[in-house]
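Asks: Chains as they are written, first to last, in our numbering: chain G, 1 to 383; chain B, 1001 to 1383; chain X, 2001 to 2383; chain U, 3001 to 3383.
Don't read these hints as lab results, they were simulated from the structure. Beta carbons are placed, not taken as given, at the ideal position from N, Cα and C, and that holds for glycine. There's no promise every hint is true.
Claimed, not checked - Below, in silico cross-link-like pairs of lysine-lysine (DSBU-like), each with a Cα-Cα straight-line distance of 30 Å or less: (1) B/Lys1128 - B/Lys1099; (2) X/Lys2004 - B/Lys1003; (3) U/Lys3285 - X/Lys2173; (4) U/Lys3070 - G/Lys4; (5) G/Lys271 - X/Lys2271; (6) G/Lys70 - G/Lys3; (7) B/Lys1004 - X/Lys2070.
Stated by the list, open to error - Restraint-style ranges between C-beta atoms, simulated for each label pair: (8) B/Tyr1118 - G/Glu381: 57 to 63 Å; (9) B/Ser1056 - X/Glu2057: 21 to 27 Å; (10) X/Glu2381 - U/Asn3122: 47 to 53 Å; (11) X/Pro2346 - U/Pro3188: 51 to 57 Å; (12) U/Glu3381 - G/Gly348: 51 to 57 Å.
There are 4 protein chains.
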Amino acid sequence: MIKKIQYGMVGGGEGAFIGEVHRIAARMDNHFELVAGAFSSDSERSIRFGTILGLSEDRCYENYNKMVSKEIVREETIEAVVIVTPNHLHLHIAELFLKAGIHVICDKPLSAKLEQAYSFANFARQTKKIFAVTYNYSGYPLVRHAREIISQGEIGEIRTIQIEYAQDWLSEKLEESGHKQAVWRTDPMQAGNGGCLSDIGTHAFHLSCFVSGLKPKAILADLKHFVEGRNVYDNAHILLRFSGGAKGMLWVSQVAPGNENGLRLRIYGSKAGLEWSQENPNYLKLSTLGESPQILGRGSANLSSAAAKMTRIPSGHPEGYIEGFANIYKEIAQAVYASRKGKSFPKGVLFPDLEDGVAGMEFIDAALKSNQNNNQWVLFEGK
Amino acid sequence: MIKKIQYGMVGGGEGAFIGEVHRIAARMDNHFELVAGAFSSDSERSIRFGTILGLSEDRCYENYNKMVSKEIVREETIEAVVIVTPNHLHLHIAELFLKAGIHVICDKPLSAKLEQAYSFANFARQTKKIFAVTYNYSGYPLVRHAREIISQGEIGEIRTIQIEYAQDWLSEKLEESGHKQAVWRTDPMQAGNGGCLSDIGTHAFHLSCFVSGLKPKAILADLKHFVEGRNVYDNAHILLRFSGGAKGMLWVSQVAPGNENGLRLRIYGSKAGLEWSQENPNYLKLSTLGESPQILGRGSANLSSAAAKMTRIPSGHPEGYIEGFANIYKEIAQAVYASRKGKSFPKGVLFPDLEDGVAGMEFIDAALKSNQNNNQWVLFEGK
Amino acid sequence: MIKKIQYGMVGGGEGAFIGEVHRIAARMDNHFELVAGAFSSDSERSIRFGTILGLSEDRCYENYNKMVSKEIVREETIEAVVIVTPNHLHLHIAELFLKAGIHVICDKPLSAKLEQAYSFANFARQTKKIFAVTYNYSGYPLVRHAREIISQGEIGEIRTIQIEYAQDWLSEKLEESGHKQAVWRTDPMQAGNGGCLSDIGTHAFHLSCFVSGLKPKAILADLKHFVEGRNVYDNAHILLRFSGGAKGMLWVSQVAPGNENGLRLRIYGSKAGLEWSQENPNYLKLSTLGESPQILGRGSANLSSAAAKMTRIPSGHPEGYIEGFANIYKEIAQAVYASRKGKSFPKGVLFPDLEDGVAGMEFIDAALKSNQNNNQWVLFEGK
Amino acid sequence: MIKKIQYGMVGGGEGAFIGEVHRIAARMDNHFELVAGAFSSDSERSIRFGTILGLSEDRCYENYNKMVSKEIVREETIEAVVIVTPNHLHLHIAELFLKAGIHVICDKPLSAKLEQAYSFANFARQTKKIFAVTYNYSGYPLVRHAREIISQGEIGEIRTIQIEYAQDWLSEKLEESGHKQAVWRTDPMQAGNGGCLSDIGTHAFHLSCFVSGLKPKAILADLKHFVEGRNVYDNAHILLRFSGGAKGMLWVSQVAPGNENGLRLRIYGSKAGLEWSQENPNYLKLSTLGESPQILGRGSANLSSAAAKMTRIPSGHPEGYIEGFANIYKEIAQAVYASRKGKSFPKGVLFPDLEDGVAGMEFIDAALKSNQNNNQWVLFEGK
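If we strip away everything but chain G, and leave its shape as in the complex, we get:
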């Protein structure tokens, strides 16, 4: 068996759901082993939490600076680091670890500011290290299948893309109650000015490009915060134009009661249409002109190998969010293994990378510009 990837984590302490998701996802396929971490900005908490997780005491660090400096002088240092702090810290930390020769797995969005993303990218592109961004929804098997059949022309020329990512947890002014997640995610300093665009919109944007294979060309955005006194946008109505003439609509909201994590993608081409919803992710609807719609099930023998290799269990046994997330980790592991031998990624490994991360930041920035500028079109380019 290949040696497991020993990794560390920055952020993701007590109560931070996304940290725990990363840890479970990393563990699922047995490629990763958490051995070090700086889990909180509070040094005491950071160390205590590492101990709870079962790390050896000397690798529970007070903060990420200590973590880098001490890991780097160990005989066996961590091979990768997972960064799950608030957005504004991502790249500063990433740079430290990359410079130490450690692969980076970074939560989205890259940063709170586009300029920082650009300058970081210039640096990071020079390193030979892996930099992954966890746009995890691209890891679902049927998302992979959709991408595969689109790339093979099965739905024809794409005409319109309908994307939405709606939640309701910020329908009231939760940040006032001290709810930790709400506080930093609605703080422009920590999360950036994008609000819901940064928090979930980038997921939807990435997914639409990933599946369609199209590049965005222009964006027009009408942003608003519906909750009085909120400092970031909580609802976005967006029009898109893609390469090749396709158009899109994107709705992002965190104030839509009844939507828990309503990420939904529909792509319509000249021959067929595809519909997928994250809350019921084991099915993909394929409607070919002139035929009755088909319900493609995850795990079905009729699916592409692109989908098959992203699933663990037979059809009818539902997989969920963590499994999709773990697929990203599985692919990162393949890249790390290749990297050990000085090879580039195996073909078909599609985890989101630095350029996807930069594209997400450009998306946020272009949307903000359009909104400031009376909702005019803003040209931009994705990955």
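Once you have looked at the hints, place chains B, X and U on chain G.
Replies: Only chains B, X and U this time, still in chain G's reference frame:
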């Protein structure tokens, strides 16, 4: 029993599905009786079709001009006329019949041109006759219930409205095959320049205003015909702003494979969200913040009287499109009965009227203007 | 145009939902015209209700005896009668009208007693008159399509049939509150001993035979009334065996909270499976081994002509309960028209008839016997 | 952090999906660590597979006998063993390990024969070791919630339970093609005579008792193998009677095209009904008499703590099969931890145990007896 309303029909000959729908809907509750008609622009066909429908021979007319002139001199003339011709003829015919003192039930949209709609409206407002426009989707019981609870504040202040009306029947260039419905609906002369906006977009627009109780304030539209060589738009991406600060997104398409008649309305307020889909019209999802979503079923004892009076059968026995359509006819009948006594409409009678028709035309016009003008906002007002 | 069928109605007075359903269904396609009736056992109410319906006064009868005797001596008598009384009266009335040379459309089940059904059938088979039983669920277009493709072998040899018809409206002792429908339907004298079997189980039984094309061979039933003090069964757990080796399970309940009118049919063969649900009747799921499941939509161009001729409007415009019911009436009309010319039914006309009615009574009787006899198998034969 | 539970595995070699599921489930919450195994009846394969899994060479055993004898003399032996062999070997192996003082986690059903289960149970009850049976579907959060609210009387007195577990993967004679899973599961020697009853029926049976809290009293079964020449039953139609007067229907099939892993449970009481489906496990429908049905979502703040502690991520982020399975492992871990301190299980730990396993065997046996005896009722008792 009250004397039935004897009515005539213009248009709606062989193969015109909407004509038959009107006839069944009118018949359903036994308030209307078809006694006269000019069903086709071809006089022979017109007469033959009337005979097939069982009309007495002397009331199967060669054309609508003859119909008006002869009906008007009969001892007992028709009390109402249903106009289901291509759009560009609606108002010319309507004017003839209104002048003859006959109530008019007109299919949507009012006309192929806004100017015509305006000048007609100026005339029609002077008459004391009923003028109804069959935005039939407003007749569904759960649509009425949604409107009712919104008006009572149950979902709080409205924030965002997501509307879509997607079909796929024009995904290929059907008009080239001589398909009659496709031919006139894609002919700017007969249908107007709006294309899918006129054909189905006005339904969606009307529904969103009807249910939300909000007035539109501005529109921004990105229109396209994806089928090469088509003369009208077959896809529309639209942003809306409403009175009171609410915003909306509206997608209209006739080129989205897998969508048969996908009219769907979602309205989110500060307290709750509502979701309804025309293809599964017997259920309304109500999601109140802090509570589990509820599935309200048509016919349930828990619904408002506004919904209850629009349904005929117990819950679990599905009603459909024709029943919703017939509800509009039922309300028109109540208005006609009131009119016989010189009274105004009974309270709670909500069938779409002249002003709704004009608003639909303004919607089309404003969308076209926005599209021509680099997708800028165009101010406009609904009913 | 063919002369409409003038018909009368017995039963179906104020508040009887099924009477109104029959009237709307008969009216929908313009083949029938209600001209006479005895609507209530209370003669005054009977006459009043006829007047409300707009019948001419001399054809609003005090009771069905008067109705027969007077109609029979009119120059133009009714051509058909619709019987929608409580079950125990059906056949007595039917006999009167058949003897008068009038076609009979009878609600299900035939009777409250099997013996009465047998002796009536012996008589009725001798007449040349039409006798239809309104197992209306067989009128849904996708039910027809399911039957058609099964008869063509598309799902292979049938193995198991899963049928259920669940409601919840009798979950509490509604009959004690004086609720009229509950009172007679739970009274063994009026409804028979079958309870839920008579009221809704016969629908499910008929549907399973109609669609599968199989004959029942044996039944095993475990019946119960869960509501204390109720005089008839409100829940039935039934096993079935069919000709050709297929087996079935049938659940009937009127005490299952959350089920409004949950009639659902699933048939599995050696090649494919079919699933249909009455509450969402515009879709049929077809799962062929080795292929992804397909969702067949009513009105789709891919359906059989057997389905196509049972629908009025394009796909995506939902049809419902009344439309399915009206399809039965449409077929009866075709039979009446043929009868006028002394011809037998046109091919493909499939409305439920006397033998279906008798089979339903045998089903109830066999189930009761099995239940009394310690749930042993009881042999019986359907139509 | 508590010391992880080092465990071994017997069976579950290459291509055995359930072995991999156990390993992922055990790993998910970081309580278990696989350190030893005998994965195949072929000793070479057994060792090779252990190596692939990354076990140290000296703990990759040729067979389970060697495994027990060598583990038992190690300084640090495994604390638990997971048995995922064909059914007939479960208890022989379990006995070996229990005698060695090792906790046992055994796949279902207990055995291929009831007698063996009884004699094993007599032995096992004497040990102080944990014996868990992986009826994993009881680990889903909403299954726990259903159990919780039923136990609190929220749905009233239970009347009828509708259970089904349908698959289609054995619709054709797959065992003839050498398909390994099909071969042993249709071999009476390895799997027992129950066929689909053993393979999946026991899951459904356990789930219905677990959620309802009722004890079975009698069973009546109509069994069949529809695939010609198959040696075990592939379809079962079953009636049940429970303590307290409730009744049930259970359908089990592996020949129902379109059903992948269709485990579905519906429980109806005097006050409310509950519906849950394994293929869409993140939602539970609760229909209370007089109220609109509610859709309870996993992770919602409205759920019981019994559900909350069985979930890892926020609502709207779907969990699936592996997460539910891992919940069983999480509870077993809690029991092992308690056992280390000589304590009994913490309250609320509900993983299926020896008595559940025995009940499953009695269920199979009683069903077979009923079927042999002309489908008469057979009395039996569950846990």
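Asks: Give a verdict on every hint.
Replies: Verification of the supplied hints:
1. Simply put, B/Lys1128 and B/Lys1099 have alpha-carbon atoms about 10 Å apart, close enough for the 30 Å limit, and the pair holds.
2. Simply put, X/Lys2004 and B/Lys1003 have alpha-carbon atoms about 20 Å apart, close enough for the 30 Å limit, and the pair holds.
3. Taking the CA atoms of U/Lys3285 and X/Lys2173, the gap is near 24 Å; set against the 30 Å cutoff, the hint holds.
4. For the proposed pair U/Lys3070 and G/Lys4, the alpha carbon gap of about 27 Å is at most 30 Å, so the pair holds.
5. Only pairs whose Cα atoms come within 30 Å are accepted, and G/Lys271 paired with X/Lys2271 is accepted, the gap being roughly 29 Å.
6. Our distance criterion of 30 Å between C-alpha atoms is met by G/Lys70 and G/Lys3, whose separation comes to about 22 Å.
7. Note on B/Lys1004 and X/Lys2070: the hinted pairing holds, with a Cα-Cα distance of about 27 Å set against a maximum of 30 Å.
8. Between B/Tyr1118 and G/Glu381 the CB atoms are about 44 Å apart, so this pair departs from the stated range of 57 to 63 Å.
9. Our hint of 21 to 27 Å for B/Ser1056 and X/Glu2057 holds, since their Cβ atoms are close to 25 Å apart.
10. For X/Glu2381 and U/Asn3122, the Cβ-Cβ distance of about 51 Å falls inside the hinted range of 47 to 53 Å, so the restraint holds.
11. The hinted window of 51 to 57 Å between X/Pro2346 and U/Pro3188 holds, with their beta carbons roughly 54 Å apart.
12. Range check, U/Glu3381 to G/Gly348: Cβ separation about 55 Å, and the 51 to 57 Å hint holds.
In terms of the numbered hints stated before, the structure departs from hint 8 and from no other.
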